[in-house]
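Add chain B to chain A, keeping to what the hints say.
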Amino acid sequence: MSGRIRIDGVSIPFADGQTVIQAAYDAGVHIPHLCYHPDYAANGSCKLCTCQIDGRQVSSCTTKATDGMVVESNTEELNSERRALTQLLFVEGNHHCPSCEASGNCELQNQAYRLGMTALIFPDFTAGRATDATHPDILLNRDRCIYCELCVRASRDTDGKDIFCISGRSENKSLAINSDNGMLDESGLTVDDAAANVCPVGAIIKKRQGFRKPIGQRDYDARQVTHNKVRLPEIKTPLVKAPGEKVTVATCSLAGCFGCHMSFLDIDERIIQLAERVSFDRSPINDIKHISGPVDIGLVEGGVCNTENIETLREFRDNCGILISVGACAMDGGVPALRNGLDVRDLLEESYINGRGIENPQIPVDRELPYILEKVSPIHEVVKVDFFLPGCPPPADAFWQILTDIVDGRQPDLPYDLLQFD
Amino acid sequence: MNVDSSAVVRDRLAHYNRDPGMVLQMLRDIQLAQNVIRPSDIRILSESLNMPRAKIKALIDFYSFLHDSPRGRYDIYFSDSITDHMLGSRERAAQLCAALGVELGVPNADGLVSVALTSCTGLCERGPAVLVNGTAIDRVDEARVAEMAKLIKHNVPLMEWPLEWFVINDALRRKGPLLDSHMRKGEAVERAIEVGSHQVIAELKASGLRGCGGAGFPTWRKWDICRSTHTEQRYVVCNADEGEPGTFKDRALLNTYARHVFEGMTVCGLAIGASQGYLYLRHEYEFLRERLERRLERRREVNLLGRNILGHHGINFDIEIVMGAGSYVCGEESALIESMEGKRGIPRIRPPFPVTHGYKGLPTVVNNVETFCYATGIVARGPEFVAHDGSEPCWKLLSISGDCRSPGIYEVPLGTTIREVTEMCGADDVQAIQVGGPGGLLISTDELDRVLSFDDLNTAGSFIIFDGSRDLLEVALNFTKFFKHESCGFCTPCRVGTKLMVAMADKIADGHGARVDVEQMQRLHHLMTQASHCGLGQRAAVPILTTYEKFPESINRRIGDAEYKPAFDVEAAIERSRQIVAEESKS
Chain A
2 MSGRIRIDGV SIPFADGQTV IQAAYDAGVH IPHLCYHPDY AANGSCKLCT
52 CQIDGRQVSS CTTKATDGMV VESNTEELNS ERRALTQLLF VEGNHHCPSC
102 EASGNCELQN QAYRLGMTAL IFPDFTAGRA TDATHPDILL NRDRCIYCEL
152 CVRASRDTDG KDIFCISGRS ENKSLAINSD NGMLDESGLT VDDAAANVCP
202 VGAIIKKRQG FRKPIGQRDY DARQVTHNKV RLPEIKTPLV KAPGEKVTVA
252 TCSLAGCFGC HMSFLDIDER IIQLAERVSF DRSPINDIKH ISGPVDIGLV
302 EGGVCNTENI ETLREFRDNC GILISVGACA MDGGVPALRN GLDVRDLLEE
352 SYINGRGIEN PQIPVDRELP YILEKVSPIH EVVKVDFFLP GCPPPADAFW
402 QILTDIVDGR QPDLPYDLLQ FD
Chain B
4 MNVDSSAVVR DRLAHYNRDP GMVLQMLRDI QLAQNVIRPS DIRILSESLN
54 MPRAKIKALI DFYSFLHDSP RGRYDIYFSD SITDHMLGSR ERAAQLCAAL
104 GVELGVPNAD GLVSVALTSC TGLCERGPAV LVNGTAIDRV DEARVAEMAK
154 LIKHNVPLME WPLEWFVIND ALRRKGPLLD SHMRKGEAVE RAIEVGSHQV
204 IAELKASGLR GCGGAGFPTW RKWDICRSTH TEQRYVVCNA DEGEPGTFKD
254 RALLNTYARH VFEGMTVCGL AIGASQGYLY LRHEYEFLRE RLERRLERRR
304 EVNLLGRNIL GHHGINFDIE IVMGAGSYVC GEESALIESM EGKRGIPRIR
354 PPFPVTHGYK GLPTVVNNVE TFCYATGIVA RGPEFVAHDG SEPCWKLLSI
404 SGDCRSPGIY EVPLGTTIRE VTEMCGADDV QAIQVGGPGG LLISTDELDR
454 VLSFDDLNTA GSFIIFDGSR DLLEVALNFT KFFKHESCGF CTPCRVGTKL
504 MVAMADKIAD GHGARVDVEQ MQRLHHLMTQ ASHCGLGQRA AVPILTTYEK
554 FPESINRRIG DAEYKPAFDV EAAIERSRQI VAEESKS
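So the sequence lines, in the order shown, correspond to chains A and B. Be aware that the first sequence starts at 2, since it is given in my numbering, and climbs by one per residue. Be aware that the second sequence starts at 4, since it is given in my numbering, and climbs by one per residue.
Chain A extracted, bound-state conformation (with noise of 0.2 angstroms):
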């Protein structure tokens, strides 16, 4: 049966035997979704494709089109549920956009982007899965494996060789090799597979290839803008000032590079502007070394990765209105969280002891010091946390327009295009 369905309010026309996303891929309609493509059966597993079909919430992938159907896609409802799993995925594995090869290239990133996801707001999972590396051309990084089974069908139905497979279940679920060791050298794969070339996200590179293409340049770095704003959370009670007093801003890095505060000084020359209505406490603008009381809005980089941080962190959210996390790192641990996973002591001795150009290897035991903790964490997961301000680092402009909406008491938004990963 052919005909046609609504998507959205647009008729589109759908051949026998299509499904729903079929229907709206042929018509350049986009319905997001990760496990879905268009050379492949379909799996219905990401159901980041979820519609409104009929009145019913359906995975649109395995959805059958009948004439007349009447589907809903792009609506408020459909697009939170789809960010909230994008934010599910985000936990679930390691996604570290800027310390990840794939970044640009990557499906969950844009669909990320294209949903309006800030922020990450339920608890990391920290996954420690076992990364293969045997292969001479191709890495398998698990913690990045969304279960998308696109690897798994490639192989099986494209290359003919039956690679891969889903083993486990529940957390336990991973991604297993066929090959008498189990592991991808003695798999047969080879870098022309479809199975090696399909993986929408990080999990399955090729080695010697990463930041192949510079930024700007990469697939999904043209993005599909697919609303102007991203909303940010509501401020409950605006800031109200008298005529002529300044806003107050502190700010401070915790586990970062300053790199999210040399971009704020990118704001260039309305550093004046800003200047005539805030004033600036504890930031290393001025070397102010604690906050002196209670301010308006703290601005936070960097994850949280030993007790002066949380100490740190601690007296902002006290004396701090509105506290912004600013960054990858602020946002979800970032680079400093690739340690995380691997045994503290390790980390000491490499420090410490083992590292090139150390003399008098010794791991500190000083009490002033403060303690490393376990992993690194992102700071919304120690104090509650107002705002997200993403990317690696996010742009001057980002910095400019969340500042300049606080101080004139609006309800903050980020353009679209300021929202970044990477």
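In short, the hints are calculated from the structure, not lab data. Treat the hints with care, since some could be wrong.
To be verified - For lysine-lysine, the following PhoX-like pairs were computed, each having C-alpha atoms within a straight-line distance of at most 20 angstroms:
1. A:Lys237 x B:Lys589
2. A:Lys237 x A:Lys385
3. B:Lys510 x A:Lys385
4. A:Lys376 x B:Lys510
What the hints assert, rightly or not - If you anchor each label on the Cβ, the simulated ranges turn out as follows:
5. A:Glu351 x B:Lys363: 23 to 29 angstroms
6. A:Arg57 x B:Gly199: 44 to 50 angstroms
7. B:Asp474 x A:Ala16: 56 to 62 angstroms
8. B:His529 x A:Asp319: 46 to 52 angstroms
9. A:Val71 x B:Glu522: 30 to 36 angstroms
10. A:Arg57 x B:Gly108: 37 to 43 angstroms
11. A:Ala16 x B:His529: 30 to 36 angstroms
12. A:Met184 x B:Ser72: 54 to 60 angstroms
13. A:Asp222 x B:Lys363: 44 to 50 angstroms
What the hints assert, rightly or not - What the simulated footprint calls covered on chain A by chain B, stretch by stretch (three residues with Cβ under 8 angstroms from a Cβ of chain B suffice, anywhere in the stretch; the number is not a length):
14. 90–102
15. 123–136
16. 169–180
17. 368–379
All of these numbers come straight from a predicted model, not from anything done at the bench. Just so it is clear, CB atoms sit at the ideal spot from N, CA and C, and this is done for glycine as well.
Leaving out everything else, chain B in the frame of chain A:
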């Protein structure tokens, strides 16, 4: 246990005719024979079945009772259902571990014993229950645990353990038409052959019988649709994967009313034109298997099964028992079929439904044990079999456990109120009742006038009663953890959602919860309901949120008026660093 591994594997390969579809059955047999599936076993299976090793490993990792690292020679599982908790299972497990010097979940060094927890084993009214090398023992009290520890320490074979430990009785507390029916062997089959399939289906329709597994699909329609498919081969499958915690009526039926079960399956086969039936029996009911096999054999001897049944040329039907290997999801009919085919139990994309595309892709009727039993009565005695006062057409078996004087099986007509149920079973101090298992509904005392029916409280029949002393958050947490453990992991909302739900519920139970956690759970629940692939994910957050809705105090008293509290535990986070500094300071 010195078992020649390759001999066991080769024996199983031969037994199942090297059929790759039977790989799960082979793995299960190997596990039970030698307490582990070794890499060499996997290699032989892989070569003999022409199946990649990873796929075999994938099965071992999916099913709870298959292991590629050795379990103890006495491999013991305590049922971790809430009903077992209430009867002291955790304490008994701790007692046994202490007596044997073994850590829960970890086999001891000499390979003698392993003690672990498992999802509900279906002995809810007679817990705490354990499985020892696959065999069930009920009412494991303090004395029994002490005795058990002695037997294990002295290496006494299971066969020589006290016989009475292995006798699982059924508490049939209230009998209706089914439990009271004394069916002559072959009665329903004879009548089905006599009246023909049209009449069989017409009588089922007239009786109003609907599926007793919980979904309530009209039985006659399922059979009719299957019969109308254009194909040579169809299948009958009896779903005896009774995994819903708190449900044990199928166990009792298989134990005491197996005739009804097999007769119902046979009648179905005759009605839809199928020549093969399968009983998918959950792993935990291994103790029923041998007797069921014997009964099948006797039915074959009198030609109630096999070729030309009762001498009628061309009427062929036989039944085989297929075992599960530990997966709750396999109770869902399409996942059950996947499991029967020797795969991981992942629910299929539906439609198409099994009734048109089932086992091996062919039309398959999957019905619950209880449904087949009622069908037997209806076909043998006519639709009046289930008529009750001329008004209520159907009956229901209830599995009642928890805080009441007389837990057990009750056969009641639909239309019975919850209040009547509590009176029947002697529940004097009701705080709440979980109806229909963790995936069902939590009922408060305000709702005792609700009635059992397909419109109001539709249930597979499980009632778990909680008295005033029970902490309902603990109950909800147990259910939430159950769902996480049993999630097949296929779809994002369920796989990640169940894990997050446990994390957030744990946070609240530990006193670190806040308003924001409850709001987060509500949003996540909405997502899981809307987007999950099957009922497990759709229902997984119901227990905790229904508890919050109906018994807010059980949660509010733990979170106070905090809007936000971090789960972050500084002491735990610096534990490792402290340890290192202490070690370094010494040296």
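Inset, instruction - Enumerate the violated hints, using their earlier numbering and listing them in ascending order. - result: 1, 5, 6, 8 and 12
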